[in-house]
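Hey, can you work out the whole structure from these sequences and the hints?
Listed in order, the protein sequences are those of chains A and B. Sequential numbering from 0 applies to the first sequence in numbering that gives the first Met the number 0. Sequential numbering from 0 applies to the second sequence in numbering that gives the first Met the number 0.
Hints are computed from structural coordinates only; laboratory data are not their basis. Honestly, I wouldn't trust all of these hints.
Stretch-level coverage of chain B by chain A, calculated; a stretch enters the list once three of its residues show a Cβ under 8 Å from a Cβ in chain A [as the list claims (entries may be wrong)]:
hint, region
1, 178-189
2, 227-235
3, 405-413
The beta-carbon is built from N, C-alpha and C at its ideal position, and this holds for glycine as well.
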Amino acid sequence: MLKQKLSRWLAGILLSTTLALPAFAQDLVVYTYDSFNTEWGPGPVVFKAFEEQCSCKVQVIAPGDSGSLLSRTILEKANPKADVLLGVNDSELAKSFKHDLWEPYRSPNLDRVPEELRLDSEYRVTPFDYGYIAFIYDSERLSSPPTSLADLSDPRFAGKVVIQSPKTSSPGLSMLHWTVAVYGEEGYLEYWDRLRPNLLTITDGWSSAYGMFTKGEVPIVLSYVTSPAYHVEYEQTERYKALDFPEGMFRQVEFAGILKGAKNQQRAREFIDFMLTSGFQDVIPLTNWMYPVAPEKALPDSYQAAVRPAKTLTLSPEEIEENNERWLRSWSRTMAQ
Amino acid sequence: MSQLLERLLPGFLQILAMLLLVGGFYLPLLLFLGGQDPLQPGVSVLRLDYLLEFLADPWNLRVLGFSLEQAFWSAVLSILLGLPGAWLLTRYDFPGRAALQRFAYLPFLLPSILVVLAMVLFFGNQGWVNQALMSLFGLKEPPVQFLYSLNGILLGHVFYNFPLAMRLIGDQWERISAKYSLAARMLGHSPLYNFLLVTLPLILPSILGAFTLIFLLCLNSFAIILVLGGGVRHTTIEVLIYQLARIDLDFSGAAVLSLLQSGLAIFTLLLLLKQHRKQRPIRQQSLPRLWLPDQLRLRRPEAWLGLAWLVAALTFGVGPLLAIVFDSLRQADAFTWDAYQVLFAERENNRFFSALWNSFRIGLTSALLASLLGAGLLIWLERVPLRLRAGLEGLILLPMAFSTVVFGVAWFHLNQSWLAGSVSLFWIAAALHAILGCPYWLRLVLPTWRAIPAQWHTESKILCIPRLRFWRIVLWPWLRPTLLLAFGFAFALSLGELNSILMIADETVRTLPLEIYSALSGYRFHQASAVGVILLAMSVGLFLLVERTALLRE
Numbered sequence: 000m001l002k003q004k005l006s007r008w009l010a011g012i013l014l015s016t017t018l019a020l021p022a023f024a025q026d027l028v029v030y031t032y033d034s035f036n037t038e039w040g041p042g043p044v045v046f047k048a049f050e051e052q053c054s055c056k057v058q059v060i061a062p063g064d065s066g067s068l069l070s071r072t073i074l075e076k077a078n079p080k081a082d083v084l085l086g087v088n089d090s091e092l093a094k095s096f097k098h099d100l101w102e103p104y105r106s107p108n109l110d111r112v113p114e115e116l117r118l119d120s121e122y123r124v125t126p127f128d129y130g131y132i133a134f135i136y137d138s139e140r141l142s143s144p145p146t147s148l149a150d151l152s153d154p155r156f157a158g159k160v161v162i163q164s165p166k167t168s169s170p171g172l173s174m175l176h177w178t179v180a181v182y183g184e185e186g187y188l189e190y191w192d193r194l195r196p197n198l199l200t201i202t203d204g205w206s207s208a209y210g211m212f213t214k215g216e217v218p219i220v221l222s223y224v225t226s227p228a229y230h231v232e233y234e235q236t237e238r239y240k241a242l243d244f245p246e247g248m249f250r251q252v253e254f255a256g257i258l259k260g261a262k263n264q265q266r267a268r269e270f271i272d273f274m275l276t277s278g279f280q281d282v283i284p285l286t287n288w289m290y291p292v293a294p295e296k297a298l299p300d301s302y303q304a305a306v307r308p309a310k311t312l313t314l315s316p317e318e319i320e321e322n323n324e325r326w327l328r329s330w331s332r333t334m335a336q
Numbered sequence: 000m001s002q003l004l005e006r007l008l009p010g011f012l013q014i015l016a017m018l019l020l021v022g023g024f025y026l027p028l029l030l031f032l033g034g035q036d037p038l039q040p041g042v043s044v045l046r047l048d049y050l051l052e053f054l055a056d057p058w059n060l061r062v063l064g065f066s067l068e069q070a071f072w073s074a075v076l077s078i079l080l081g082l083p084g085a086w087l088l089t090r091y092d093f094p095g096r097a098a099l100q101r102f103a104y105l106p107f108l109l110p111s112i113l114v115v116l117a118m119v120l121f122f123g124n125q126g127w128v129n130q131a132l133m134s135l136f137g138l139k140e141p142p143v144q145f146l147y148s149l150n151g152i153l154l155g156h157v158f159y160n161f162p163l164a165m166r167l168i169g170d171q172w173e174r175i176s177a178k179y180s181l182a183a184r185m186l187g188h189s190p191l192y193n194f195l196l197v198t199l200p201l202i203l204p205s206i207l208g209a210f211t212l213i214f215l216l217c218l219n220s221f222a223i224i225l226v227l228g229g230g231v232r233h234t235t236i237e238v239l240i241y242q243l244a245r246i247d248l249d250f251s252g253a254a255v256l257s258l259l260q261s262g263l264a265i266f267t268l269l270l271l272l273k274q275h276r277k278q279r280p281i282r283q284q285s286l287p288r289l290w291l292p293d294q295l296r297l298r299r300p301e302a303w304l305g306l307a308w309l310v311a312a313l314t315f316g317v318g319p320l321l322a323i324v325f326d327s328l329r330q331a332d333a334f335t336w337d338a339y340q341v342l343f344a345e346r347e348n349n350r351f352f353s354a355l356w357n358s359f360r361i362g363l364t365s366a367l368l369a370s371l372l373g374a375g376l377l378i379w380l381e382r383v384p385l386r387l388r389a390g391l392e393g394l395i396l397l398p399m400a401f402s403t404v405v406f407g408v409a410w411f412h413l414n415q416s417w418l419a420g421s422v423s424l425f426w427i428a429a430a431l432h433a434i435l436g437c438p439y440w441l442r443l444v445l446p447t448w449r450a451i452p453a454q455w456h457t458e459s460k461i462l463c464i465p466r467l468r469f470w471r472i473v474l475w476p477w478l479r480p481t482l483l484l485a486f487g488f489a490f491a492l493s494l495g496e497l498n499s500i501l502m503i504a505d506e507t508v509r510t511l512p513l514e515i516y517s518a519l520s521g522y523r524f525h526q527a528s529a530v531g532v533i534l535l536a537m538s539v540g541l542f543l544l545v546e547r548t549a550l551l552r553e
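This is the structure in structure tokens:
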């Protein structure tokens with residue numbers, strides 16, 4: 000009798016531990032930037048979809064913006080906690096290469112991605128979305144918006160523009176690179192010198208700038224071509240419009256990769272494969288407000304408000320790594336006059 | 000039992016404080032600064048050549064100068080605006096006086112990004128003030144540009160800090176004996192003479208204390224300087240440090256600069272602090288407070304001046320906060336509760352409730368810890384020989400002056416190599432906030448503590464009152480208002496703190512400021528304001544509760 004009871008107890012304990020195990024074991028650890036994993040970001044949807052597909056458990060750690068994400072990963076390089084780092088953009092790529100963070104992997108699904116977005120020939124990182132920085136204007140407060148990057152520096156826009164600092168924000172840095180791509184080493188500082196009186200202020204991050212814009216303080220702000228789509232989707236207004244400049248639009252691509260020394264290499268590969276399928280890609284447009292690299296469904300209707308640039312501009316990661324410090328230094332000094 | 004307790008408690012608190020301060024701040028910092036650059040093995044973090052190179056560039060020197068200059072003026076202006084408030088609180092009673100006194104710490108609750116947006120909403124070119132002026136005078140263009148220059152920086156900093164100055168100075172002013180001013184009046188001196196030669200020297204310690212706090216706060220300020228200062232025209236060292244640590248990943252450079260910055264700051268402050276230890280007000284029996292409405296009816300000019308200050312200060316101090324409340328209720332030019340409904344709606348991914356709970360428990364724990372830590376440091380300070388005291392005060396102030404970005408990296412480094420996984424993140428967050436909050440706690444409590452009349456101790460000994468009883472019936476009522484304010488302050492700092500939480504970044508310590516950031520980065524600006532309003536309401540509620548329980552105990 001007692002024996003029977005005891006064995007039932009034992010069976011119960013055994014069963015509960017085996018049941019509890021999958022809930023505790025982390026089969027995949029992903030680092031990503033904070034806004035990717037917020038309630039409204041893609042995180043909750045895509046990680047759940049992957050968990051269902053692999054019937055495994057994903058732990059997501061989202062420490063701050065993409066800059067602090069990268070620095071954290073580099074700091075713990077010797078003993079990485081994460082398997083996958085999701086959310087490094089092209090201007091940070093060279094830095095990550097220099098610190099030798101990645102375990103190369105070429106996903107079979109990479110073939111679905113347009114050739115021009117596969118920026119790493121060694122397959123250390125895989126692109127998952129991209130976008131273009133752009134100036135957005137408020138059509139109710141500005142009847143004749145700037146027609147080009149050059150026109151933006153016209154005195155009629157004095158004090159009407161807000162941008163982010165290239166020293167602290169990723170669209171801000173892309174804006175600096177944009178001017179280098181358009182005007183070259185000889186001309187970019189001159190352009191900034193002309194633009195300066197038009198900038199009401201330069202903010203620390205995207206949020207302060209875009210907040211100042213939607214609260215009516217300025218009619219023009221630096222953001223992304225896809226920003227108007229948000230207002231169409233959630234506020235049913237076409238008031239805010241993106242400007243396509245004839246000089247060309249500067250592209251940002253976001254990447255993910257498997258970290259060297261990752262404990263769950265196999266799962267990490269499965270995740271990279273999953274990243275390029277519909278369960279991830281088709282979630283991106285309405286949550287991360289970027290273009291997916293390999294969509295299976297058509298883009299949402301609200302994306303008609305996002306302009307498709309006629310001409311794309313880029314700088315190579317190597318060029319950025321080599322010159323960035325100097326560009327920033329010269330930029331600060333030009334702007335501080 | 001109680002004798003044992005009273006003998007052991009101070010020592011225990013002191014050791015606890017030493018352990019927390021050294022283990023939580025100095026150990027990680029020294030390990031990091033003394034070690035090698037984590038990104039460049041073989042190169043030490045502290046490089047003298049880097050410092051010399053930095054100082055050789057006149058542009059950098061200008062940045063350094065401006066950092067100190069703006070902090071200095073911000074502190075001076077905050078005190079100038081706070082001083083009349085302190086006088087008003089000491090001299091008059093009026094409806095809402097208690098609330099004005101209690102909620103001086105409210106601006107500290109909001110993450111700086113929300114304060115920046117509030118200032119833009121209120122003082123911006125299209126803000127409330129300019130809109131009002133435009134409709135009043137029928138103008139087409141905004142008449143005053145308040146922001147986007149040095150003025151904008153000062154405006155932002157004064158908004159944050161003048162209530163603090165008012166509270167700190169008012170606390171001490173109230174304790175000045177009436178007989179000094181009565182004596183001065185009997186000798187036929189004018190009120191101005193009375194203020195300059197009698198009152199001012201007596202409240203000087205609290206003025207210097209307020210100056211110290213505000214100066215350090217403004218030195219580490221970041222978003223306000225960038226956005227309200229009109230961009231890079233006004234760069235400070237903190238912006239350079241941020242760029243080095245976050246964007247260039249040059250930890251060594253960032254460490255060198257933060258040492259330079261905090262070293263300079265502490266040096267400036269110690270020079271100032273040197274004087275105020277000599278002062279000790281003796282007796283306190285202030286004049287009874289006058290009822291302001293009566294005085295106004297009697298047409299007393301100083302009462303009307305007081306009222307004018309009150310109106311101006313309330314507009315300035317409450318206006319931007321109201322702008323946030325208003326913003327949270329507005330969407331597409333219509334009033335709606337939507338933003339709040341979304342927050343409280345039940346749905347699968349709702350993280351608002353867990354953030355609310357995390358903020359609350361981390362805030363409360365860290366405020367209690369900061370109080371214990373502060374009490375321990377106070378005891379330590381009192382036991383240290385007088386000549387070493389200045390040095391110790393400097394050591395206690397350093398956590399406040401040191402750049403949180405670099406401290407974050409140092410701390411992360413320690414966590415990586417030593418702690419990883421052994422301590423729960425909740426306690427780490429609470430301890431970090433307590434360490435960051437306790438210098439403020441100490442600054443708030445010290446002037447009141449030092450103003451305890453020496454003869455009380457003697458008298459209690461003569462009357463053979465046991466020490467614990469002496470504490471309960473004499474010292475506690477004396478210290479209570481200040482201790483509560485300091486508690487509220489530490490709580491507010493923890494609720495609004497973002498950097499160290501970002502560094503730890505885990506669901507278990509995800510707090511409301513992070514929730515605000517998330518909402519902002521997802522275009523949900525009204526929702527961010529709504530979370531800010533809830534943060535304010537929560538702190539007001541909690542503070543009232545703490546005060547009520549403290550009163551019940553009496």
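Here's how the hints hold up against the structure:
| no. | hint | verdict |
| --- | --- | --- |
| 1 | 178-189 | violated (count 0) |
| 2 | 227-235 | holds (count 7) |
| 3 | 405-413 | holds (count 3) |
Figure legend: structure checked against the earlier numbered hints; the only hint not met is number 1.
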